[in-house]
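Colleague: Sequence:
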Amino acid sequence: MLPFRLVASDIDGTLIHDDGTLGRQTIDVIRALPVPLVLVTGRPVRWLRQLYDQMPEPVPAVCANGAVVYDPHTDEVLRADPLSVDLLLEVTKRLRDAVPDVALAVEVDEGRKFWYEEAWPVRWESDTDLVRVLAGPEELTSVPAVKLLARSAQYGPDEFAELVSRTLAGFAETTHSSKSSLVEISAAGVTKAAGLAWLCERRGIEASEVIAFGDMPNDIPLLTWAGHSVAMGNAHPAVRAVADEIGRTNNEDGVASYLRKVFNL
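Numbering-wise, the working numbering puts 60 at position 60 of the sequence shown, and it's gapless, one number per residue.
No lab work stands behind these hints, which were simulated from the structure alone. Certain hints may be false.
[Unchecked claim] The list that follows gives simulated cross-link-like pairs (lysine to aspartate or glutamate, EDC-like), each with its CA atoms no further than 20 Å apart:
hint, residue 1, residue 2
1, Lys113, Asp129
2, Lys179, Asp18
3, Lys179, Asp19
4, Lys113, Glu162
5, Lys113, Asp97
6, Lys179, Asp12
7, Lys93, Asp18
8, Lys113, Asp81
9, Lys179, Glu209
As the structure is a computational prediction, the values presented were derived from the model and not from experiment.
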């Protein structure tokens, strides 16, 4: 009997090295895994190709912190749970009132497009048809968004995350996965755990049959839901506190090292 029926792994800071590459040991373990691997990430769909190009074959992904479940073989979004326009209006108003310097952006079209305010620091993507600056503040809330993102220059990462969480309590899910003051906001009830639970239910897999890996606070719902959880050696203190075990760092191929022992690979 195999110890688990599914492996769930975060990407950044977990499965890949800090330079964005997939280690040789990790590639070999992914190829040899006797059970399915599912990526469970804060990334949008459009950011998966860089990783898929390094993998033996693409695998399903729970994206945008649980708001999107994606099948790479058909390029189909199996499930999307966005913030509605009405909720975006309420949430953005609360954020602007609480954080005068807040800069906002949204993942729209199931995470295939990114719209950002002029004050938003675009660090990883250049303007294309998929990534563009908003024409005005009203456009930010013109369509449903699978994720709302907020930045501030006034606060440290954990301090800003706590402030946004208090501001939006009861209205939306808030989390963070960056070392900068960036908070990720989803519809109420949308988490990595909820997205993966939906996919597992379709496959007849129980939470107790899942082993999960992560490194940042947005991974906490996933790690507490899974039957067994492993925090990376480089994980945020809050993640280390909830995990069943602490593994090696992402730069040491920590996921692969752990799975090799678990499945005798």
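Colleague: All the hints need checking, so say for each whether the structure fits it.
Modeller: Comparing the hints with the structure gives:
1. Simply put, Lys113 and Asp129 have alpha-carbon atoms about 8 Å apart, close enough for the 20 Å limit, and the pair holds.
2. A hinted pair counts as satisfied when its Cα atoms are at most 20 Å apart, and Lys179 with Asp18 qualifies at roughly 13 Å.
3. Distance restraint check for Lys179 and Asp19: the Cα-Cα separation of roughly 15 Å lies within the 20 Å cut-off, and the hinted pair is therefore satisfied.
4. Our distance criterion of 20 Å between C-alpha atoms is broken by Lys113 and Glu162, whose separation comes to about 28 Å.
5. Our distance criterion of 20 Å between C-alpha atoms is broken by Lys113 and Asp97, whose separation comes to about 27 Å.
6. Restraint check for Lys179 and Asp12: the C-alpha separation of about 12 Å stays at or below 20 Å, so the hint holds.
7. Simply put, Lys93 and Asp18 have alpha-carbon atoms about 35 Å apart, too far for the 20 Å limit, and the pair is violated.
8. Taking the CA atoms of Lys113 and Asp81, the gap is about 16 Å. The hint holds against a cut of 20 Å.
9. Between Lys179 and Glu209, the direct Cα distance comes to roughly 31 Å. Violation of the 20 Å bound is thereby established for this hinted pair.
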